[in-house]
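K.L.:
Listed below are the residues making up each chain.
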Amino acid sequence: MLSVQGIDCSYGNVQVLRGVSFAVAAGEIVGLMGRNGAGKTTALKAIMGLVRVHAGSIGLDATTLSELPAHEVPKHGVAYVPQGRRLFPWLSVRENLQMGMLVNAAGEDTLEWVLALFPALRERIRQRAGTLSGGEQQMLATARALCTRPRLLLLDEPSEGLMPALVEKLLETVNGLREHGVAVLLVEQKVDAVLQTADRVLFMENGTVQHETSVAELQDDQTPLTRYVGVSR
Amino acid sequence: MREVSRRRRLRQHHSLYARPANEMSFGPHLFLAFLEGTVTAFVLALTALGLSLVFGVMRIVNVAHGEFFMLGAVLAWYCTALLGGSPMVGFALALIVAPLLVGAIALAADWLVLKRVDYNPESTIVATIGLLYIVQQLVLTVFGPEARPVEAPIYFRVSFPWFGYSGYKLIVAALSALLLLGTWYALSHTKLGLYMRATQQDYEIAQAFGVPVRRVYATVFALGAMLAAVAGVLIVPVQQAHYLMGLDPLLLSFIVVIIGGLGSLKGTVVAAFVIGISDGMVSVFFSPTLAKILATLLVAAVLVVRPNGLFGDNRT
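Chains V and X, in that order, give the protein sequences. According to this note's numbering, the residues represented by the first sequence are 1 to 233, in order. According to this note's numbering, the residues represented by the second sequence are 1 to 316, in order.
Keep in mind that the hints were calculated from the coordinates and are not lab data. Accuracy of the hints is not assured; some may be wrong.
If you anchor each label on the Cβ, the simulated ranges turn out as follows [what the hints assert, rightly or not]:
1. V:P89 x X:I125: 23 to 31 Å
2. X:E122 x V:D221: 50 to 58 Å
3. V:N175 x X:D118: 41 to 49 Å
4. V:G19 x X:L251: 52 to 60 Å
5. X:G193 x V:Y11: 28 to 36 Å
Straight-line distance between alpha carbons at most 20 Å, and here's what the computed DMTMM-like set of lysine to aspartate or glutamate pairs gives [claimed, not checked]:
6. X:K191 x V:E205
7. X:K191 x V:E95
8. V:K169 x V:E123
9. V:K169 x V:D199
Glycine residues also receive a C-beta, built at the ideal position from the N, C-alpha and C atoms.
Given only the sequences and the hints, what does the whole structure look like? Please build it.
P.N.:
Written as structure tokens, this is what we have:
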């Protein structure tokens, strides 16, 4: 479904991604791990068209995403839950969800669906997004992305700063998307969260994908975790 | 015949200001000052709102904003002068044609200039200063250096017990109020308004939700210019069209936008009323120069207490 082929990206003169290649299939959850500055967030931004790709290509089924202007990418079914939530803080909860719904002209049934997934948001629907608690903001950021009716969901550190019960709930929701055939690319620092949900894990270092493994293999042999993330369980 | 009656009307119009202060007692005088201030405030709010939108959404300081105001006034003169006949028809035409033409000019400026410098905050200041001079000199060349009057589309006096007041000015205030309401409605209840606010708050993430940010920028720049142009059309029967008339509204708009808080609609309207009414009061009782001095002092005072303006963190 998603196929990233040898992409290079730079911020000014600093090259951040070098020949990054990987693929994500429909209904598959792929974890993307690596140390700070490895290029995980940049890879997601490149898929969204927010960072220019100057070599290689990014394809979603038959569409070449890397040729599109950034605002066209979500219309092809790619949704983004950015690091740090990045809600529209002065818009209400409803308006934030509406921003998602407008992307692919989703109807009220979509709104009902995400509000059923995150009932806490229903009570706060008129409230300004910036006034929500951290957990509610993460739910809203996820709900806003789901409102675009994505085929591919990009999550950047969704568990950051959340209490364990909420992380659990969020991962459960992501897992539930599998049945809908949604592909998920999950950037995550928490090893447990990745092992719990992902099918495969990609390890990035210095702007390239250095290692790829299935979660089952990772359960047996945890050396890649020590090598690329610097944690042992 | 027509010319004579027009002169008489103009004289009556101006007698409002010529009336010596000691002819009226304090109460009515205060009321007159308040009326003048209210009319000023509405037109100012309209002009400043354009500037505020452009700054809020695009993060650029449009130094040429006053020239869009001036273009509105000058185009209103062309509409009424070229069309002849009833001033009503020419003026109604001006109210439609001037904003559209000015909007088109703003779109061209966005495409030719602002987009090329990538909406960089510093470069756009220099670029819009250039735009200011280009527009001013073009108008000087084509329109000429003289101030030209435009007849008010309707003429009637509203009689208060103490004095009569220009009915047209009240209509100006009413139309401005309608346009302000319209802008507020568009911002808070339409898809374009939602996209504008989203772009203002996080333009990168707005793109990730399908907002064509460049097109929103162009639209906002054109809308801001159109608001100024309408204000120029509305004011020209009171003020006359002149190629340098854009300076005052530009400075006052900056004052309003800074006091109100950059990018806040509510703040802009509130600040326009503070400045407009105090300007009216001080101008009537003391002098217009003192009014400008006080407005400037007010900016300094507000910035000391609230560096982000009165409503700086309360964006609409």
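K.L.:
Does each hint fit the structure? Answer for all of them.
P.N.:
Right, here's what the structure says about each hint:
no.: 1; hint: V:P89 x X:I125: 23 to 31 Å; verdict: holds (27 Å)
no.: 2; hint: X:E122 x V:D221: 50 to 58 Å; verdict: holds (54 Å)
no.: 3; hint: V:N175 x X:D118: 41 to 49 Å; verdict: holds (42 Å)
no.: 4; hint: V:G19 x X:L251: 52 to 60 Å; verdict: holds (55 Å)
no.: 5; hint: X:G193 x V:Y11: 28 to 36 Å; verdict: holds (33 Å)
no.: 6; hint: X:K191 x V:E205; verdict: violated (42 Å)
no.: 7; hint: X:K191 x V:E95; verdict: holds (10 Å)
no.: 8; hint: V:K169 x V:E123; verdict: holds (18 Å)
no.: 9; hint: V:K169 x V:D199; verdict: holds (18 Å)
Violation of the numbered hints given earlier is confined to hint 6; every other hint is satisfied by the structure.
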